[in-house]
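**Student:** So the sequences go chain by chain: B and A.
The opening position of the first sequence corresponds to residue 210 in the numbering used here, with each subsequent residue numbered one higher.
The opening position of the second sequence corresponds to residue 57 in the numbering used here, with each subsequent residue numbered one higher.
In case anyone wonders, no lab produced these hints; they're calculated from the structure.
Wrong hints could be hidden among the right ones.
As the list claims (entries may be wrong) - Which residues of chain B face chain A? A partial, calculated answer using Cβ under 8 angstroms: (1) F244; (2) P249; (3) A250; (4) A254; (5) G255.
Positions of the beta carbon are idealized from the N, C-alpha and C atoms, including for glycine.
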Amino acid sequence: MPTTAPKPNQQFAPRIARAIVRIWPAQSREWGQAFAAELPAAQTAGTTVTWLIGGLMLLLREWLKHAWRSLGRPVGSTASDASAAFTPRYSRTPRMPLWLMLTLTLCSIAILLHPEVRQVLRNLSYEYSSEPGWNPDQWSSVKRLRKISKSNRDPQLLALLSLLSKNVDEQLALSDEAINKDPSLTWLDYQQSLLPANSSSAQTYLSKERFARLQQWDPNNGVLHLLAAETLAYPPRVEPLDMLIRRKSKTSREKALIDNPQWASAMHAAFTAPHYDSYVLQLVELIRNVSSRFSVQDPEIGLYVLSMRRIVHIDLLRGYADVLTDRVASLEAAGKTNEAIATYSEMLHFAQQISLDGKAPFEQYLAQQIGEEAATRLAPLYDSRGRSEEASLIRFQLEKWKAERDPKILRYVPLHYRWSQWNSLAWSGLIITVAGFAVSLIMPVTFIALFIVVRRRKTPPELRGPADFWASLCADSAPWLSLASSVLLYVTYHPYARICSAFLKEGDTSTGIESFLSAAMVPAILPDDVGFISDPYFHWVGITTALGVLLVFFLWRMILRSKHSV
Amino acid sequence: MNMGRRIRISPQTLSLLEALLHKPTAWHHGYALSQQTNLASGTLYPILMRLEKLRWLETSWEQPGTAAGRPPRHLYRLTSEARTWAREELADAQKRKFWKPALNNA
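Construct the complete structure from the given sequences, taking the supplied hints into account.
**Tutor:** The following block contains the structure:
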C-alpha cells in the first residue's frame, strides 16, 4: 500500500497546537485542548493557519484575563485554589509585607528631606506656581531674610534685599540705607542704575545725585563713563539698541549722537579709563556673604540677582569701536599716521581692560573682537614708524588672543540654547520636572494607601470594598514608585546642587559665574521639544482630556453593569 | 442562571445559538459550529466559554477511540432551559430585524 508523505501543515500544525496548549493558563486549559482537538478537521493549509491564528488570539486573551485576575487574588493563593474561586470581589490584600512598604516609604521620605531635594522641589513649586513671573517675594528664603532684617539692619543683608525687591521705592530706600551704613556698597547704585530692571517699558536711569555719588566713589572706572554715554544715547530707552552697529545705514539721530561732543567725550573717557569693573565680583561676594552669615543657601537668590545684574550695552561699545575705525581710516588716508596710532591704541587699551576685568562671556568675546581688529592694524603702523619693539609686543598679544579664542564662548548665552551643553541641561531639567511631579503625586497616594491598609488590615474579605482593593494595589506599587522618583530626583539634581553649593561658599574660586547660572537654572528649563508642558494651555488640555477619559470609563462601566451581554 | 431577565446578545452569539438549535439535543463540536456560523475560532470559543460559564451550555468530551488517529473532541449542546430561552431570543431578534437566520430550520 503506497504511503503519502504528510503535508507541511499536517506536520507542523499539531506541534504548534500542542505548544499553545502547553502554555495555556491552567485554569482554562480544557478550552485550549478543545481548540487543539479540532485542528485535524481543518483540511487545507489555509483553514489550518486560520484556525491556529484564532488559537493564538484565544491564548493571548486567556493570558491577559489570567494576569488581570491574579492581581485581585490574596497573597499565597493560586488560581486553582478552591478558596480563590469563591473569593469576594474586593478581597485583595497587599502582596508586599507591611514592614517593606514602611521601609520604602521611610527611605523616600529620607531622600525628600535631603536639603538638595527640598531645594529642587521648592524651585519647581516656584516655577509652576500660579504666580506669573519671577517673584522673589514669594520665596521662603527671601521671606526669612526679610524677617531677619526687621531686627538686624545689617548693611550686606539690606543690600541683598534691595537687589531682590521688585518695588523701586523699596529698592532705593534699602540700598541708600545700606550705602550710608557701609560706603563700600556704593556700587549698588550702578546695579540699580536702570529701574525697574524687569520692565523695559517704564525704566528710568538713576538720579543725578546718585550718579555723582557713584562717580565720586569710583572715578577711574570706565563702566561709569559708559553709563554716562548710555544715558545720552538712549534717554528714554526706546531706540533700537543696534542703531550704532556698523554697516547699518546711520539715521539722523545716530549721526547727531556721533557728533555730540558730550557722548564722544564720555565714550573716550570709558575707552581710556584705568580700569573696567561692572561690579560682578562684589555682587557675588555679597550673595556668598549673606548666604553664609544668615544660613540661607538658596541658589535661586544667586540666580535672580546675577541674572538681573546691570550689564553694559554691547552695541554701545561696538558702535564706538566702529566710529573709531572709521575715523582711523580717514586719518590713514590723510597720512596722519601718529593720530591713527593714537586712536588704535585707545581701542587696544580698552580691549585689554575688558579682557582683564570683564566677567561675562560676551565681554570677553567683544574684547577679543575689538582687540584683534585694533592690533592687526596697529602692528604694521608701528613697523612703518620703526617702532618694531612695540609692534612685536602687539603681535604677541594678538597671538595670545587668537590662542585663547574659544569658539564656544557664548555657549551659556540662552540664544545659543540649541548647543549640546544647553541641551544636556535642558534634558536634566526635564527629568527633574517629571520626577518632581511624580513625587508630588505619588507620595500622598502612598500615605493614603498605607493608612487604609493599616487601618483595615483586620477587616474580613467579605466586608472589603473598592477602596480596600485600590488601596492594596497602590500600597503594592506606590512605595516603589515614590522611592524611584525620589532617587531619580536626587541623582539628577545632585551634580548641579554641588556646583551651586560650591559657588555659594565664601572664598570659592573654582566655580565660574556661568557654571553657577547654568546649574541653578536647571530645574526651570526644558528641552525645546517638550517646552509646551509648562504652558497653562497644555495643563488645561491635559486635565480636560483626563477627566473626559474618566467620564467615558465610568459611563461605559455603568452601561456594562446595567446590561448583561453575552 | 439569568433566564428570567432580558439580556443583550450579539449577532455572532445569535448565529451560534441558531447552529446549536439546529439539532437541539445532539452534541456539536467546535469546527462544525465554526463552519456553520462562519465564525473564526478566535470569536467562536470566547462565546462558547461565556455560555458555559452562564451554565447555558453543556459540555462533554468524546469517548477516547471514537475516531482513530485524532484526539477526542470537545462537544457542546444547549441545556433544556437554555433551548427555550434561545428560541425566544432568536424570534425576538428576528422580529426587531436585529438578526436574520442563516439556516432554514432554525
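**Student:** It remains to establish, for every hint, whether it holds in the given structure.
**Tutor:** Right, here's what the structure says about each hint:
no. : hint : in the structure
1   : F244 : holds (6 angstroms)
2   : P249 : holds (4 angstroms)
3   : A250 : holds (4 angstroms)
4   : A254 : violated (16 angstroms)
5   : G255 : violated (12 angstroms)
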